[in-house]
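The listed protein sequences derive, respectively, from chains A and B.
Residue 11 in the UniProt record's numbering sits at position 11 of the first sequence, with consecutive numbering throughout.
Residue 48 in the UniProt record's numbering sits at position 48 of the second sequence, with consecutive numbering throughout.
It is possible that some hints are incorrect.
A pair counts as met if it fits within one copy or between any two copies, since identical chains are not told apart.
[Said to hold, decoys possible] With a cut-off of at most 16 Å between alpha-carbon atoms, the simulated EDC-like pairs for lysine to aspartate or glutamate come out as follows: (1) Lys-45 x Asp-29; (2) Lys-161 x Asp-140; (3) Lys-6 x Glu-195; (4) Lys-192 x Asp-71; (5) Lys-98 x Asp-15; (6) Lys-60 x Asp-105; (7) Lys-50 x Asp-81; (8) Lys-6 x Glu-197; (9) Lys-20 x Asp-33; (10) Lys-161 x Asp-33; (11) Lys-20 x Glu-70.
If you are wondering where the hints come from, they were derived from the structure by calculation, not from laboratory data.
Here the structure is a predicted model, which is why all the values come from computation and not from measurement.
Protein chains: 2
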Amino acid sequence: MAEGIKVIRELLNSDFRLDKLFASETIFDISKDQFVLTEERDLKKISFLKTPQTALGLFKIPQQNLGVLEDLTVALDGVRDPGNLGTIIRLCDWFGVKNLVCSTDTVDCFNPKVIQSTMGSITRVNVVYKNLSEFLQSQDIVSYGTFMDGENVYQKRLQQKSVLVLGNEANGINPEIENLISEKISIPQFGKSQETESLNVATATAIFLSEFRRN
Amino acid sequence: MAEGIKVIRELLNSDFRLDKLFASETIFDISKDQFVLTEERDLKKISFLKTPQTALGLFKIPQQNLGVLEDLTVALDGVRDPGNLGTIIRLCDWFGVKNLVCSTDTVDCFNPKVIQSTMGSITRVNVVYKNLSEFLQSQDIVSYGTFMDGENVYQKRLQQKSVLVLGNEANGINPEIENLISEKISIPQFGKSQETESLNVATATAIFLSEFRRN
């Protein structure tokens, strides 16, 4: 389910297939049987947003598969917050990361909050749910994992053909996955306080992807 | 107003001065007249959170002043989202940025949502509200501004003693401020689509601060 003209337009221009469109006027060039003329007060009732948009689209969930990994792939181990997943998908789009592998306990990428926060990036990033342990064992490329006690990422030579694993908001990467990771990396803290919380997973992803791509 | 034991403990251990603490049991070592024994169902009523915490503290808003700027200072031009401001304060704490200057139309840093999302970082970052145009005119250090058409930040030699200006979520940096900026910088896009939205202001801040501090 996607709300708002911009996101719906991007989904219509992608591999996503429309099921039904609910809108208060005919905005898009779609077939008649896909369109349901809907008054604004009814759109308000079905909307997930605080400020409902003038159009709401219902799309079929696409089948997504991983091909051979030729470039950097991001993998998430149990990310639960829809806003964080949405931000990470948007970052993958910006930094040209085609494949995002999510553990089966990661929040659903078709959750309306995720769809909304990706701002259309969901159409350009291939999001696949997998048993992360089996996925890592099936690959023979280097895997980087982010840990508080990892090596300083600014001093590492990062390989592009690799998997970057990020962990759950509260618990990080779980021990079973940790055992499968070849290199532990970390963003050093420059502020001096020991009270400082570690970076949020979405902001950490921003910095790691920047480090991978900057050279 | 701050909710939750961790945040309240950090505020108590800082320059912030407690006015009243509402909690269902005596947790902190504070004077009797500051403590209001409050049942959980009443805490629920006064809480700003969906999942109320067991303690809620009311603190006096501190007087904060800018000293002489000896190191990197971050300035925000009209950031409106409390979550973005909270994330940026947390990033300043992580990257050792002491001073954050906010334009007067930036969201209030003492908004409960901001306090909550800073995770205690608000006690370690000096947040000052100023007329941004007057502030920039009063400084004779280099100012960097983030623009879509700025120079590639990865190829710039960044000066630490400077001001980094970030703009509003929808409109970026306003033209009056743009005229006062010495260097325009930008994070290049690696994905190929023209539909990709620019990075969110909080994730962009993460990458820029990383670039300033990494060398």
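Which of the numbered hints above does this structure break?
As far as the earlier hints go, 1, 6, 10, 11 are violated by this structure, in ascending order.
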